[in-house]
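**Q** Start from the sequences, fold in the hints, and give me the full structure.
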Amino acid sequence: MRVTLGMTNDNIKANLTGATSRLLEAQDQASSGKRIDRPSDDVAGIGKSLSLRSTISSIEQYEENSTMANSQLSTVSNTLSSITKTLQSVRSLASQAANSTLNDEALASIKCQLEGISDELKGYANTQYLNKYIFAGSKTTTSPVAETGGTPAYEYQGNNEQIKVQTAPGAYTTVNVTGDLVFNMGGAAVSDAPDIFTMMDSLISAVDSGDISSISAQLADIDANLNNITGINTQVGARIKRLESNIEALGTSKDTMKSMLSDVEDVDLAEAAINLATLQNCYEVALSVASSVLKTSLADFLS
Amino acid sequence: MSFFGLDIAVSGLNAQQLAMNVTAHNITNAGTEGYHRQEAVTTAGTPLVGALTLANGSAAQLGTGTLVRTIRRLQSEFIDNQIRSEEQLSGSWNYKQNALSQVESFLAEPGDSGLSTSFDEFWNSWNDLATSPESSSSKIAVVEEGSSLALMINNLCGNLRDLQYQADSDIALNTNEVNRIANEISHLNEQIGKAAGDTTNQPCDLLDKRDALLKELSHIINFQTNNATGADLVISIGGKALVQGDNVTEVSITESANGWSQLTWSDDGADVLITGGEIQGQIETRDDLIGSYIDTLNNITSTLVTEVNKLYSTGTTSSGNPAGNFFTGSDASSISVNSGLITTPTNLTASYTGDTGSNKLAQDIAALADKDVMANGESIYESYTSLVSQIGGNSEEAQSRAELHALSLDELNTQSESVSGVSLDEEMSDMVKFQQAYNAIARVFTTVDEMLDTIISMGKVGR
Numbered sequence: 001m002r003v004t005l006g007m008t009n010d011n012i013k014a015n016l017t018g019a020t021s022r023l024l025e026a027q028d029q030a031s032s033g034k035r036i037d038r039p040s041d042d043v044a045g046i047g048k049s050l051s052l053r054s055t056i057s058s059i060e061q062y063e064e065n066s067t068m069a070n071s072q073l074s075t076v077s078n079t080l081s082s083i084t085k086t087l088q089s090v091r092s093l094a095s096q097a098a099n100s101t102l103n104d105e106a107l108a109s110i111k112c113q114l115e116g117i118s119d120e121l122k123g124y125a126n127t128q129y130l131n132k133y134i135f136a137g138s139k140t141t142t143s144p145v146a147e148t149g150g151t152p153a154y155e156y157q158g159n160n161e162q163i164k165v166q167t168a169p170g171a172y173t174t175v176n177v178t179g180d181l182v183f184n185m186g187g188a189a190v191s192d193a194p195d196i197f198t199m200m201d202s203l204i205s206a207v208d209s210g211d212i213s214s215i216s217a218q219l220a221d222i223d224a225n226l227n228n229i230t231g232i233n234t235q236v237g238a239r240i241k242r243l244e245s246n247i248e249a250l251g252t253s254k255d256t257m258k259s260m261l262s263d264v265e266d267v268d269l270a271e272a273a274i275n276l277a278t279l280q281n282c283y284e285v286a287l288s289v290a291s292s293v294l295k296t297s298l299a300d301f302l303s
Numbered sequence: 304m305s306f307f308g309l310d311i312a313v314s315g316l317n318a319q320q321l322a323m324n325v326t327a328h329n330i331t332n333a334g335t336e337g338y339h340r341q342e343a344v345t346t347a348g349t350p351l352v353g354a355l356t357l358a359n360g361s362a363a364q365l366g367t368g369t370l371v372r373t374i375r376r377l378q379s380e381f382i383d384n385q386i387r388s389e390e391q392l393s394g395s396w397n398y399k400q401n402a403l404s405q406v407e408s409f410l411a412e413p414g415d416s417g418l419s420t421s422f423d424e425f426w427n428s429w430n431d432l433a434t435s436p437e438s439s440s441s442k443i444a445v446v447e448e449g450s451s452l453a454l455m456i457n458n459l460c461g462n463l464r465d466l467q468y469q470a471d472s473d474i475a476l477n478t479n480e481v482n483r484i485a486n487e488i489s490h491l492n493e494q495i496g497k498a499a500g501d502t503t504n505q506p507c508d509l510l511d512k513r514d515a516l517l518k519e520l521s522h523i524i525n526f527q528t529n530n531a532t533g534a535d536l537v538i539s540i541g542g543k544a545l546v547q548g549d550n551v552t553e554v555s556i557t558e559s560a561n562g563w564s565q566l567t568w569s570d571d572g573a574d575v576l577i578t579g580g581e582i583q584g585q586i587e588t589r590d591d592l593i594g595s596y597i598d599t600l601n602n603i604t605s606t607l608v609t610e611v612n613k614l615y616s617t618g619t620t621s622s623g624n625p626a627g628n629f630f631t632g633s634d635a636s637s638i639s640v641n642s643g644l645i646t647t648p649t650n651l652t653a654s655y656t657g658d659t660g661s662n663k664l665a666q667d668i669a670a671l672a673d674k675d676v677m678a679n680g681e682s683i684y685e686s687y688t689s690l691v692s693q694i695g696g697n698s699e700e701a702q703s704r705a706e707l708h709a710l711s712l713d714e715l716n717t718q719s720e721s722v723s724g725v726s727l728d729e730e731m732s733d734m735v736k737f738q739q740a741y742n743a744i745a746r747v748f749t750t751v752d753e754m755l756d757t758i759i760s761m762g763k764v765g766r
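So the sequences go chain by chain: S and D.
With the first letter of the first sequence counted as 1, position 38 gets the number 38 in this note's numbering; the numbers rise by one all the way through.
With the first letter of the second sequence counted as 1, position 406 gets the number 709 in this note's numbering; the numbers rise by one all the way through.
Hint data in this document are derived by calculation from the structure and do not stem from the laboratory.
Computed from a predicted model, the values in this text were never measured in an experiment.
Hints are not guaranteed to be accurate.
In silico DSS-like pairs for lysine-lysine, Cα to Cα no more than 25 Å straight-line [claimed, not checked]:
1) Lys164/S / Lys613/D
2) Lys85/S / Lys111/S
3) Lys674/D / Lys258/S
4) Lys164/S / Lys674/D
5) Lys663/D / Lys164/S
6) Lys254/S / Lys674/D
**A** The following block contains the structure:
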């Protein structure tokens with residue numbers, strides 16, 4: 001084959017361009033750590049990469065939702081525990097009052113304590129979390145329990161909507177309990193017992209009038225309401241527990257997804273470094289070959 | 304003794320001088336693009352018969368020196384034709400490769416600044432709203448994410464449209480180029496016609512210029528020639544002559560029904576049949592590639608708008624009014640969040656009933672993310688992912704095809720160089736050869752001169 005100046009020249013240029021562009025790509029990969037920089041870098045990988053990214057993003061969202069649900073349910077649970085404690089002290093005061101040996105002063109003191117507790121319970125009914133009433137169903141800006149001044153004396157103003165939050169693909173957790181169930185408004189939870197506030201009122205009036213048999217009769221109502229709330233709190237506690245294990249599971253699957261994404265998108269750093277070094281060598285060899293080939297011609301040897 | 308020896312020597316001196324000039328021309332054009340190596344072809348002169356008689360009585364055939372028959376260029380029509388057809392493919396794929404690599408940079412995928420992230424953040428903001436449906440900051444976030452998603456779609460669509468317009472105006476520019484080259488070739492044809500005496504006497508440098516123009520033309524558009532080496536060269540595109548000798552039928556741009564440039568023949572208005580070259584790459588980029596991407600993007604956007612609005616419009620605001628639409632617009636260039644929500648984002652509702660704590664609506668809209676709502680049974684996100692994969696696939700194909708054709712062009716150019724290129728070593732040794740021959744002939748000249756001198760001196764003897 002005839003070899004000409006142009007051929008040598010083109011060849012050297014093509015080789016040097018090839019060597020530099022491969023070197024550039026290797027440098028890019030080694031410094032960015034990414035194997036896929038644009039969709040055409042790996043057409044099969046890009047679809048995987050995008051869907052993993054989206055999955056990770058929604059897992060992070062579920063984590064956020066779960067944390068949010070968890071803190072809201074904790075507020076509910078804490079409030080329910082406080083109500084339980086309060087009702088327990090109502091029960092012990094009521095059984096003291098049912099004791100016929102108490103004098104009037106002692107009864108007056110019990111009545112006074114019971115009145116304080118009644119206000120406390122109304123306060124619990126209107127508990128807010130992040131400025132919303134937690135016992136009002138979805139009517140979160142309306143205070144759930146109101147005194148009507150008529151019959152029945154207390155009315156539930158919320159609704160019975162269960163507010164749900166997505167905590168996993170297709171899985172929802174209810175983050176509220178409605179006040180009608182908690183406070184047994186209109187017999188919503190325990191049909192043969194009055195709501196907590198009416199119960200308190202009639203207990204106070206029984207204590208006030210010293211009607212021991214009425215007080216004793218009401219002990220059953222107190223127990224019924226107490227059991228109702230304890231039952232609800234157990235349910236809430238179970239939900240919180242499920243959320244905690246859910247958060248843990250989400251964390252694990254996020255880690256798995258992230259490592260899968262890294263498998264798809266990231267370069268093997270050791271391989272990238274070796275690749276870079278090899279290509280650097282190639283480039284230097286190409287340069288030295290070019291310099292020695294281009295230097296000489298017959299003109300150097302003619303006198 | 305006659306002066307004939309001097310005549311022979313003169314013919315040799317002339318021939319060597321001419322050959323030396325050709326060598327000089329070669330060396331000076333060693334780096335000229337499109338130059339083909341030239342060569343002086345010498346031949347022995349027609350023998351003189353009858354001036355001398357041989358011993359057997361027959362007339363001697365006496366050589367008369369050297370003649371230069373022709374100066375020819377070394378070129379392979381076969382390789383040049385291959386280069387031209389490879390240039391057509393390379394021109395087309397190169398253009399597509401560049402355009403698609405721009406499309407890829409618009410996408411910015413995979414990454415945190417691409418549309419996929421905007422989609423995720425949009426659906427997540429509805430999810431956030433579902434966890435705190437009363438919170439005005441969550442409402443503001445939904446409106447903000449909705450606006451930024453709409454803006455990202457608008458931008459992507461706008462960028463794609465710009466590329467489409469770019470390709471369209473590139474077609475117009477290339478059409479001018481085609482006409483310019485066609486006209487130049489027709490002028491060259493005319494000059495070649497005047498210069499060429501016969502097929503053995505070629506106007507090498509004019510032919511070189513014409514070949515360079517043909518190569519340039521083949522990068523832009525597909526064509527065929529009748530392989531004529533003279534003035535009768537015909538260049539035809541899809542069977543119709545663009546250049547015929549010194550006649551040119553120009554191509555022109557007409558606006559097609561959809562507003563894009565279309566190549567037609569200027570004489571009869573018929574469509575130019577385009578199958579290769581940069582122009583084909585531009586047409587494909589404009590219509591088949593970017594055109595289809597925009598269609599898909601419009602499809603995705605209109606489904607997004609319809610589905611979100613279908614749910615959102617059944618919602619009720621906290622003041623008890625129907626929620627209206629969340630998005631306005633119908634395609635990628637017009638999508639936007641309802642301006643009422645942008646001015647008062649707190650009017651956004653998460654509820655069907657209007658109760659402040661109810662989140663069913665937000666829940667359902669967030670669930671659209673994974674719902675297969677597209678006409679082809681994919682979810683919106685899957686459709687977008689398929690679009691990205693499609694663009695990646697097209698770009699990858701264009702890259703590897705462009706690279707492949709660049710490689711075979713390199714190979715062909717090397718072959719062509721091997722035939723037509725100037726080798727300095729070769730020219731140098733030719734130079735020495737011609738110099739030595741010239742010196743030797745000069746020696747013949749002086750020898751004949753001395754011999755004549757001898758004869759002339761012999762005349763003095765008789766006096």
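**Q** Between Lys674/D and Lys258/S, is the straight-line Cα distance small enough, at 25 Å or below?
**A** Cα-Cα ~24 Å, so holds.
**Q** If you draw a straight line from the CA of Lys164/S to the CA of Lys674/D, is it 25 Å or shorter?
**A** Holds, because 19 Å separates the two Cα atoms, which is no more than 25 Å.
**Q** Could you grab the alpha-carbon distance between Lys164/S and Lys613/D and see if it respects the 25 Å cut-off?
**A** holds (22 Å)
**Q** Would you check the hint for Lys85/S and Lys111/S, treating anything up to 25 Å between C-alpha atoms as holding?
**A** It holds: about 18 Å lies between the C-alpha atoms, which stays within 25 Å.
**Q** Keeping to a limit of 25 Å between CA atoms, is the pair of Lys663/D and Lys164/S held or broken?
**A** Cα-Cα ~8 Å, so holds.
**Q** Run the distance test for Lys254/S versus Lys674/D: straight-line Cα separation, threshold 25 Å.
**A** holds (22 Å)
No hint from the list above goes unmet by this structure.
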